Structure formats: C-alpha cells, structure tokens
Amino acid sequence: MALPQRRTDIGPPHYKDFLPPVIQKNYGDWKYHEVLSPGVMVHVANSGDKIWSVRVASPRLLSTDTIRDLADIAEKYCGGYIRWTTRNNVEFLVSDEKNLEPLQNELKQKKYMMGGIGSRISNIVHTQGWIHCHSAASDASGLVKVLMDEFADYFTTKETPNKVRMAVACCVNMCGAVHCSDIAVVAVHRKVPTIDHDKVKNMCEVPSTIAACPTGAISPDPAKKSVKINADKCMYCGNCFTVCPPIEIHDPEYDGVAIVVGGKVGNLRSNPKFSKLAVPFIKNNPPRWPEVTSTVRKILDAYVADAKKHERVGEWIERIGWEKFFKVTGLPFTFQHIDDFVIARETFRTAATFKW
Amino acid sequence: MALPQRRTDIGPPHYKDFLPPVIQKNYGDWKYHEVLSPGVMVHVANSGDKIWSVRVASPRLLSTDTIRDLADIAEKYCGGYIRWTTRNNVEFLVSDEKNLEPLQNELKQKKYMMGGIGSRISNIVHTQGWIHCHSAASDASGLVKVLMDEFADYFTTKETPNKVRMAVACCVNMCGAVHCSDIAVVAVHRKVPTIDHDKVKNMCEVPSTIAACPTGAISPDPAKKSVKINADKCMYCGNCFTVCPPIEIHDPEYDGVAIVVGGKVGNLRSNPKFSKLAVPFIKNNPPRWPEVTSTVRKILDAYVADAKKHERVGEWIERIGWEKFFKVTGLPFTFQHIDDFVIARETFRTAATFKW
Amino acid sequence: MPKKYETPLLDELEKGPFPSFVTEIKKAAAKNDMAADELGQLEKSYRDKRGYWKHGGIVGVRGYGSGVIGRYSSLPEEFPNVANFHTVRINSIAGFFYTSKFLKEACDIWDKYGSGLTNFHGSTGDLVLLGTNTENLEPVFAEFSSRGWDLGGSGSALRTPSCCVGPARCEWSNIDTLDITYSITQEWQDEMHRPAFPYKFKFKTAGCAVDCIASIARADCSIIGTWKGNIAIDQSEVANYAKKGMNIQEEIVNMCPSKCMSYDGKELKINDADCVRCMHCIAKMTKALKPTGEKGATILIGSKAPFVIGATLSWVIVPFMKMEPPYDEFKDLIRKMWEFWDEHGKNRERIGELIIRKGMREFLEYIGVEPQPQQVKEPRRDPFFFWTEADLQK
Amino acid sequence: MPKKYETPLLDELEKGPFPSFVTEIKKAAAKNDMAADELGQLEKSYRDKRGYWKHGGIVGVRGYGSGVIGRYSSLPEEFPNVANFHTVRINSIAGFFYTSKFLKEACDIWDKYGSGLTNFHGSTGDLVLLGTNTENLEPVFAEFSSRGWDLGGSGSALRTPSCCVGPARCEWSNIDTLDITYSITQEWQDEMHRPAFPYKFKFKTAGCAVDCIASIARADCSIIGTWKGNIAIDQSEVANYAKKGMNIQEEIVNMCPSKCMSYDGKELKINDADCVRCMHCIAKMTKALKPTGEKGATILIGSKAPFVIGATLSWVIVPFMKMEPPYDEFKDLIRKMWEFWDEHGKNRERIGELIIRKGMREFLEYIGVEPQPQQVKEPRRDPFFFWTEADLQK
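Chains as they are written, first to last, in the numbering used here: chain A, 1 to 356; chain B, 1 to 356; chain C, 1 to 394; chain D, 1 to 394.
The set of hints was computed from the structure by calculation and includes no laboratory data. Given the structure is predicted, the values throughout are model-derived calculations rather than measurements. Take the hints with a grain of salt, since some may be wrong.
[Unchecked claim] Below, simulated DSS-like cross-link-like pairs (lysine-lysine); rule was C-alpha separation at most 25 Å, straight line:
1) C:K112 - C:K3
2) D:K27 - B:K309
3) A:K16 - C:K336
4) A:K233 - A:K199
5) B:K110 - D:K290
6) C:K4 - C:K49
7) D:K4 - D:K31
8) C:K31 - A:K110
9) D:K101 - D:K228
10) A:K309 - C:K4
11) B:K327 - C:K331
12) C:K31 - C:K44
13) A:K283 - C:K54
14) C:K101 - A:K16
15) C:K394 - B:K283
16) B:K31 - D:K243
17) D:K358 - B:K108
18) A:K158 - C:K259
19) C:K336 - C:K322
20) D:K290 - A:K355
21) A:K224 - C:K336
22) A:K191 - D:K27
23) A:K25 - C:K295
24) C:K295 - A:K111
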C-alpha cells in the first residue's frame, strides 16, 4: 500500500479544531468553576453556559486498545471531545448535563478510577524507567503504580490539606518536576562508574565528557586515550554515562531511590520552592518497593495530621522547621542531607534559632 | 630611667578586678533593666540592687586628654568604674543613685553627647580610614562624624522603629560589621589597578597574589616575573594590593563609597541577615560628603515613616519588597545591584510575585 | 502470534486499584511482537534490577534532525523485536485537547507501524509513540503528517512548547496560553526540527501564577500570565463564602503573603498596591475576586533539572509584557536571547546556565532589557561589582 | 613644640554636635610631634582624596609575632614623625570594663612613648594605641606588661577574643561570657602571640541570641548563649505591660517568628516546643518572661567579611553545649577544629572557607560531631551526594 504524501514543518493542528463547541463559544469568558465531586467539576461561563469535566486516572502508558475505548466513551457522552491533563489524567468534556451520570456509570462499570480533582493526590508525573530509558536507575511506572495503589483513596475520596503533587524520576536527570514536587522519588546510583577505555576511545568526545561532570571529577587519561574519574569527587550522577556510554554507572546491588519533599511550582502564598532531600536511599525492591511506599506513607501521614488547611507540604515543613520534620516523621538525618554542592553554604543554618 | 621588667603571655587582667562592687555582688543575677532616658538605663538585680549606666557618644579615636577627663568623671561619680560598649560608646557605671543627676549635669556642661540607648541610632562602628590604614578608599572617621552630626537627634532624643545599626568601612575588607548593618557605607574603587612590575618581582609572592583574587582575574606574567590582570574579570576589590603593594588600586578621581542596607546580626524575630546594595557609588567629597548624608537621610526617613514598631530596616524592606524600597526611596536600580558573584543565582527572582 | 513471556514479577503490578501499565503492555503484547518483547525485557529488568536499553544513535525521518529518539535494546538477541525500538514524538495540541476521530486514526497507524504503546504525554508534552523499528519511521511520519500532524522537538533544538488549559476552560487565565503556544510552535518549526542550538530549549505558558504547567520549574522560557490593576471584589459573594463555612480570616487574610488584605467579618478589603498577585485568594474565592486592568505576562528564563550546575527555577527577565497576536515583541525578545546563546553558549549549556556564567548584565544589555528590582529577590550582598567605561563617564 | 599645620578641611569636621575625632587629634597634636604629623598628613589626604599609609613590614616586640601592626607613611619626608607609626594592640578586659586608675596609667605611658592617640576599641575589641615609632615598642610593652596587661593578637593568629557585657550587667545572658572569654584568652596565649594558623581566627561570645557582640557576623567561632527549657511567664507582669500601653498581640504575638504564642487579652501562652529562642518576646517583656531549664551555648563557625569568597555568617555546628569552667569540652572541640584547619587549610584561608571548600561532612567527622538538622536551614536540593564505603555497608 502506498504511503500518503508526507508534509514537513506544518506544526500541530490548530487547537480550535479540537475544542468542544461550548468551549469555542465561551473561550476566555469563564466565570468560575466548582468541584462537584473528587472526579467531577463544572466550569460556568459568563454567558451561563457550562461544561463538566470528568477526570479518570491513567498510567500514562496507554495501549491503543485503551485509547480506542476512551475515544468510544468520549463519542458516546462528549461529542468525541476529550483531553489530557498536565499530570497525565484523562478528562471527558461533557457539554450536556444529562450525559454526566451515564458517563460516570460507564466509567465505574469499566473500572476507570475517577478522582484527582481538588485538594488530594493527583496522578504522579514520571519518567520512562526500565520501560524505555537508557539511564534509569530504577523503574518509574512501577513506583508510580505502587504509590498510587497505596494512596488510591486520596485520589478517589479523601482530602489532603492542599494538593499533593508527586513525581517519580528514574535517574537524577529528572525529566519531570521532581525538583519542585511535594513528595518525589528519584532513582540514584551509589558507586563510581567503571570505564571501558577501549570503547571510550571510539565512542566518546573527551572534552564533552569532562564538561558533563558537575564536580570536575573527570580528567583526560592521555595514555589510554580515555578519561579517568577521581573517585573522591564523583557523586555518581551518571551524567558522564549519558554523554559517553562506555562509562558504566548501573549497579543493581547499589542502585535505588531517594525521596525528596517540599517543592512546589505555584506562586500561591509562598514562592515556588525546590524539593529537599528527606531520605537519601532505599534499595530497589521490585516489583512493589514496599519500603518506598511505607516511607512515603510516613511523610504523608505526618503532613495530613499536622498541616493547616491550604498548606502545601513545603509550607508545612517551613512552618514547623526541618528539625521538626525529621522528628515527626522519624526519618534519620544523615551526612547526605547536608549540602556539599555548589550552593551548599546558602543552606547552612546561619542563625541561633531552631527547635529542640 | 630603667624600664620595668617585661612579662610575656600573661594575658589580660581578670575582669573581676574591673567590675564595680554592685556588679560583683549581683553578677549573673540581674532581673530586668529599664531605659530611663535616651542616655540612662538602670539594671535591677534579683537582690533589689541597682546599677545605672549613663552613655555618652565617643568618636572612638580618643586623645589621652579626653581619656583622663573621662577617668576623672568616673572617679567623681562612679568610684572610678567605666566601660565601653561594643559600639565604642562610653558608659559611666553609677552605683549610687544620688550621683546620677550631678553626673549628667557635668556631662552636659562639658558637652558630652548623652544618648544612644533604646530604639535609636547608636554610634557608628567604623574602620581606620585615611587616619591609619593602607587600603582605605575613603576616610571612615569623617564619614562617621558627618553622619552622626546629621542624625544627632536620633541619638539624643528621637526614636526609630527599632535600633538602627550603622557602620562605615574604608574598603571592602570591611573590618566592622558593614555586611550585617541596617545602613552602612563602604568605600569602593572603580578602576583596574596598575602594576609596578619591577617591584612585584621583589616584593610579592605570585601564588598568594593570584589566590587573593575573588574572581580569578590574576594570572602569572612569566616574562616580567610579575602578574597580569584580566580587566574584564577585575571588580577592583583591592585584595591583590593587600598582599602585593606594587599593585596600585587607589584612584582619587574614581574612588568613593557604596551604601548597603538591611543587615542585622541579632536573631530577634528574623534571622541574621546580610546587608544588600542600595547605592553602588557616591564620589568622595570630603570633608563632609554631603551626598552621602543626604542619601542616608532618604533611606532613614523612608524607614522611619513606613516601618512598624520593632521592625529593623531589613525586616521593613523584606515586608514591603525590594522593588518598593527602591520606589519609596527614589534610588535608581542599576546593573550593579544585580549580583554576579558566587551565589548570584540564589538572588534571582524565581517567582512571578512582586509589586508594581 | 507474538511470543508469550512469563511475567511473575510484573503480574504483581496488575494488582491494586490504580490502572496498571503492565496491563496496558499486555494488551498490546497480545497482538504485537514489539510490545511482547518489551514486556519480556521489562520482566527481566525487574528480575535483575537494572535497565536494558542503550543510547540512541542518530535516527530520524528525512529532513528532520529531531522528533525521533533512537533506542536500542542491549539484549537484541534475547528480544529481537525491540532490538531497535525508537520513540516518535508527535507535537500535541495546545491544551492537550483531542477528538475521538483523531485518536482512533492514530491508533490505527500505530498498530500498523509501531508497538501499540503510547504515552499521553511525555514529560515535555509530546504525544509519545513508544517504540517502533527504524524502517517504520518514515511510514509513521507520512501517515501522521499527511493528516496534519507534525513531529515535536528533541535534541539540541526547540522542544515542543506546551501550556496549561488556559482560556479554553479556566477563568483565571490572563493570557491566551493556547494561542501563544500555537503561534510560537508554528513560528519556529525550523528551530524545532533541525537542532542548531547549544542545547535544548523549552517554552511553557501558564495563564496565571498557579502555574499548572509547571513552567517556572520546567522551561527555559516560562511565560506566566499576570495583570496590572486592582482585584475587583464582589462583597455579596464574599458573604456567600463565609456563609458556606469558609474562615476568611484564617484561610484567606492570614495566608496572604504580602498581608495586603483585611476582613472585619463583613467587608473584605485589599490594598492592591501591596498585592504580589500570588493567586491564593483568587483561587480560593473565585466567585468573589477578579483581577482587573491590563493583562499580560511575566517572562522568566532559565529553569532546568539538576545537570550540570544543579536545578534552577526560572527567574524574572521582563516583569510585564503585553501578549497579543502576532506576539512580535515577545518573539523579537526570544530571537535576541537565542542570538546571545548562539554567540556565547557552550555545547550542552542551557541558556540559564549561560546567563549564570556570564552574569545578568551582559545578557540584559544584549537583549535590551533594563535592570529592574523585580528581576531579583534582593540586591547583591558583597560590594564586589563591575563598572563599564560608560558607567564611569555618567 | 610640635609643628602646627593648617587644616581648613579637617576644621570643618569640628563643627556639629557629635564629638569630633579632629578635635581629639588636635588635642594630642598640641603637645606631641607624632600626633601633629598625623594631623598634617590627614589634612593632605582630605585634600588629595587618598590615603598615605603603606603596608606594615615585620615589626613587633621580642618573642611575639603579633600584637603590633606595622604602619609607614608614604610621605616620610613631608611627615617625618609618622615615617613609622605602628599600632599597638592591648588585650582589653572582657566586657570592656575599666577603672580610672588604669586609664590614667595607660595615658601616662602612651603620652611618654606614643602619639597620645587611641581607639577604644579597635574592630576586634583591642585597646588600640594608635601610632608610635619602632624604637618605642619595647618600652610600651614593658610598661604595660609589668602592670599586668598583655598584647592582643594580629596576623595569622588567634585574635583577641571579645564578648558582650553578659552576666556582669545583663539579665538575658545564658552563659558567663566574660569568664569564657577570659578563660580561652589565657588558655591560648601562645596561639595569640605566635602566629601559626593558616589565617586569623576570632572568637566572640554572646550571652543570648540578641548577639550584642555581633558574634554571628564577625567571628570564626561564635558562641551564643541559649537554653533548653520553657519560658516562665509572670502573668501579672504581662498585665502590667498591657496596662502601660504595650499592644501585646501586635508587638509580641504577631512578631513571634515561630508563631508559638497566643494572647487572649488576659493570659499570654507559649507553646515552648515551637519556640526557636529568638529573644524578641523576652527582650520586649523582660519582667514577664524568663527562660528556665538547662543553660548553655550554640557553637557556630565561619563568619567573616567578603574576602575572598564573599561574606559569610557563622553557621551552627553544635546546637547545644554546656559551658562550665574549665570549658574542657569546648576547648577540646576547638583544638580539633584547629587541627583540621592546620591539616587542610591553605595560606590565608579562613576556617569557614575551608569547611565550605571541603564540605561539612569531612569537617564534622574530623571533629567528631554528628550531622543534625539544626546545622542546616534546609537539606540539600540536588540529588548529588556522596557515599563512603562504610555507608554502603550499613
């Protein structure tokens, strides 16, 4: 069968062609919205028009079978209009109120998980992990699955003091906003990489390999036409591996994950914040990483128990103080928690004020 | 006349021998103190004993004549007991209440300036300046004198929202807590130094000269057995001059002062803070630097007018925001205000929140 | 009939309430050789606790330098159907809106030429077609592009711009995030498809400071909608919120970061001059509070993940810019930034890293933006600073 | 009869209410040749807008490597009496207490051997004798030391420790700042007088977090008094403050940084577990509030002026240490710090700069202090961190 004529540099289709009529009509003219249930919200236009959104969870990785099913449902209740959220959830866009209940019934019956709207745990943004990434130090989808199973009720029903944004990154390259999430898991290595010098010679550019190291641990090894790594300076980030594959960083025995907490991207109340290290290491324990879920549970429980309404995890921790955070969660404070990277000095406690 | 026998490594005399009896008796057992007037406070011990302190201003540089006069006064009213404050003021320590008024009368009659206690401007800590320092880019005592003349009423009578700690440093070496003062003046150079290569050869250690440069602007000049300076990297700090005098940094035409604001050392309410740049440059204009006093006046007036009770200058600025500070003071915001030194990135506004 | 792998470990991940990616892979694996081998290799990864993918080499479609991420199995003999298994990035629709018609067409193409596995969406916002062989790349591209869809960015190029739902379905948006995204995507097709930058460059556009697209953390250029004007207050709606149980003093007034609000139990007051437009009060009391006045955006630059100098958040370059089609002022500014980056950037140096390395002054002077206090949290602390000859003559 | 200089510029600085340093110099200049030339050279500096002092060479008293700062005029022919004009640092009394008897003796010595000019005090806290000739250094030292006074520190040595007024005349002091200062000064006379450190080292001791001695900004080792226990509240004194016009809600409760206080118009309550001991409430309501429980100090390290890496404030190393004579635990800790500095420090590298360069772990492990959250404002942000072999075996 002949292929159709390819076209180049046309860019994506215009978004207007994918908007439900009620959105086209009321574009930029919305008045307010209300959360009707954990999985349903309504947006009301100044014209009085309404559109309902019904949100269901998605593992982000979808088969064509599932996409077709979603499309079928959208056709049945939404005139074919559907969207994805920035956190990989699916939203059915309902223009006719009478379709709202039948849609939800069908979603329930098909075991789609409705929820994620409002002050609760929404889907976990994540990376490819062992499914499709060369630099993964852990799987991402698996961690997301076990965490979302653990906290499913915070997606479907229960509330948290404010939204809890979680993320999972399968290496410190951190595709995904791990560095600014309420609670996030990031996979880390813990051993100095080994170098296949013969391959480096052929496959790698020495200057860019050297430049890839955040701590200046890599220097040329002219004799071997390769590079060498100063073990005292290497903190196993794996960026050298990314630019020079013969530098092997994977180590099944010593790879695992760290947990970071307290980041946010929104400007509401307090400014955007970076996540900070809470737990430096938990061994990879697939398929269900029970130590990761129980540790995240500890942090979440402490937050839910102690935070004020509308406080994000980072705002809660800053209010009570980091020393109190480690106390109430029972997490140990280690040398790894003390920064020794480029802005370390800005994190030292230059004050006599703290809690016992 | 023969000299007395010298003794070495004896250290200073024991402090107990210099404490008034009432202090010796109530040492570590004080209950509270009260400010009775801008220049007088009383400390009350748990025993009920009291000691009054009468504070007078000092230019720090004192002649023996003046010290003898202070000693005479102390003998007359204080049993000879006198102390200096950490900000170079003099305190007469009065154990007998009936001496309090006669002491104040004599101080007034001799034109000593009483005050500086409580929420006001105390003495200005400062450095040697042209009086006795090799690296001074301005005088210090002269700047202190004209500023304290300008704000004398804030020492003797008027109140500020909280203490206003001022400092003057005659170069960026900043002997004195300029870097943590409410309002401070620091002298700066603005031209790349010139090098007398013949003298460098004989007088300087090249490696320590190179290490003295905060921006790595200095490199060896092997041909001349000297060093060279990368003009693009030099920010005229003068540290090279300190370790290698033939690197001449003084420039009467281009030297002058910068004004920094908002620092504090105490932990009260907010943590200790660094001062930040308010005015990058004002030309040296001795003997009375009128542009400096009027600029500091602008800042002080804005603070007095707008700060809440107990707010230090830095706390006031952080509450209103730096953009508002530049607005209410009318000071221009320039490229010099934007940090480009080692922790620059931490000062960039990583938020969409600010005032118009 | 695709090969059937035993997956005792992955089977554990089909348990529990959250939809299972394993189930998704199995659905595809039931009819697709590539998906089957993907499943098999993944089970092995779970057993061995390590990944089995290698770096991509140069692979793509004719005339494009990006849009396809090469990916090779390091176990090609054991899993021959994923020996090469490349990602195709389809430039998604601004706001992530779709129609069922398109989705079904896409599924048909992908079942024919690919693994049947997708990501809705990749981290940057592309519609990700997860895995196909080298020889299928051109057909996939032909099928999609003939239907009006193009590839997204990858490598040292402009990456697929993305945005929040914006005016399409949000009352808070101060700018047309979808239109901005569409316009810049169309404007810079060449920059997206033919990598010529020192490194990647991402745009993300958020309608307000709530920043649902995480622009401030995940874009070299973050466009965040804002306004210059007062917040209009509907006091009867304030009363309604109070009646419905909102503790306005605690939840709104006390949580205002600039302490510019007060409430006496009846009337809510805002000192607009002190407002920093953080969106907290507006987000919580949407019916009662509405920004008025001029709408536009704050332009921030520089966020990225930790490599190499540590994670950065974007910082303010232009506090306020009107954002109206055709966005010429904005586009001109970006072009100047790219010129600066092109001139001074090192290989694999993000624009934010470059600005940190060169200093804000050089950057601002190059792009023609004045120094403004809104660009910094606070002025410098150390009295170490530069003067140009021109400065000295002033 | 000393030379009389015309000083039209300096004369301007005898005007105004604040005591004039010019008047002081003139008083001395009336009877002292050195002071007269100092005045003349200073007038010239005011005219030319530049200083005329050169660096010191090695100059001092026998057996000491510090205590004297060499200073030479760069115009020795014009001002021969200050051709060499060195500073002598006398170690002041802890708390800056003096008696008139000593002051008069000191004046007599200084009129005889020096310029008659002094600083009460130099920036580090020494009693500064401002300027004398090289040949007078030994006599000055003999006169002072025979009366029980010694020189302070200078150069790459322990500098003269100093402290706030402490328990001598302050109700807030949690530690005996004077005794600590006296004890460490006596303990380390050799370290003070014979420079053997990589660079200077300063101690400052503050009785509480008000830090009147600026220890956190100006000492390599900052000792700040604190307590472990509740704040006792005298409610009747609270009522007195209220009666006298203090707005307790506004001035105290609302300004508490950890929001651990409440006041209902009658009773003041403190949630002590949340108190960070900032001293605000205690400083404002001294009669009503009093710390109870164990007293001790927080030990912080590292503050300094901008050279070379930028200004630093001291940071917490030991959150709490008992401070009781003979202070052995504290002194042992300091000795370990100095060993670390001696082993790793570069020439002219302050201990804080060294710790920043080497990382806190190496320092803490060397001195035997555990990592504790009180040492940091917040944990690290970037997931870049080290593991030792021992860590991995845990």
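How the hints compare with the structure:
no. : hint            : verdict
1   : C:K112 - C:K3   : holds, 18 Å
2   : D:K27 - B:K309  : violated, 42 Å
3   : A:K16 - C:K336  : violated, 30 Å
4   : A:K233 - A:K199 : holds, 23 Å
5   : B:K110 - D:K290 : violated, 40 Å
6   : C:K4 - C:K49    : holds, 21 Å
7   : D:K4 - D:K31    : holds, 10 Å
8   : C:K31 - A:K110  : holds, 22 Å
9   : D:K101 - D:K228 : violated, 42 Å
10  : A:K309 - C:K4   : violated, 50 Å
11  : B:K327 - C:K331 : violated, 30 Å
12  : C:K31 - C:K44   : holds, 20 Å
13  : A:K283 - C:K54  : holds, 23 Å
14  : C:K101 - A:K16  : holds, 15 Å
15  : C:K394 - B:K283 : holds, 12 Å
16  : B:K31 - D:K243  : holds, 20 Å
17  : D:K358 - B:K108 : violated, 56 Å
18  : A:K158 - C:K259 : violated, 31 Å
19  : C:K336 - C:K322 : holds, 18 Å
20  : D:K290 - A:K355 : holds, 18 Å
21  : A:K224 - C:K336 : violated, 43 Å
22  : A:K191 - D:K27  : violated, 72 Å
23  : A:K25 - C:K295  : holds, 21 Å
24  : C:K295 - A:K111 : violated, 43 Å
Hint compliance for this structure: hints 2, 3, 5, 9, 10, 11, 17, 18, 21, 22, 24 are broken, all remaining hints hold.
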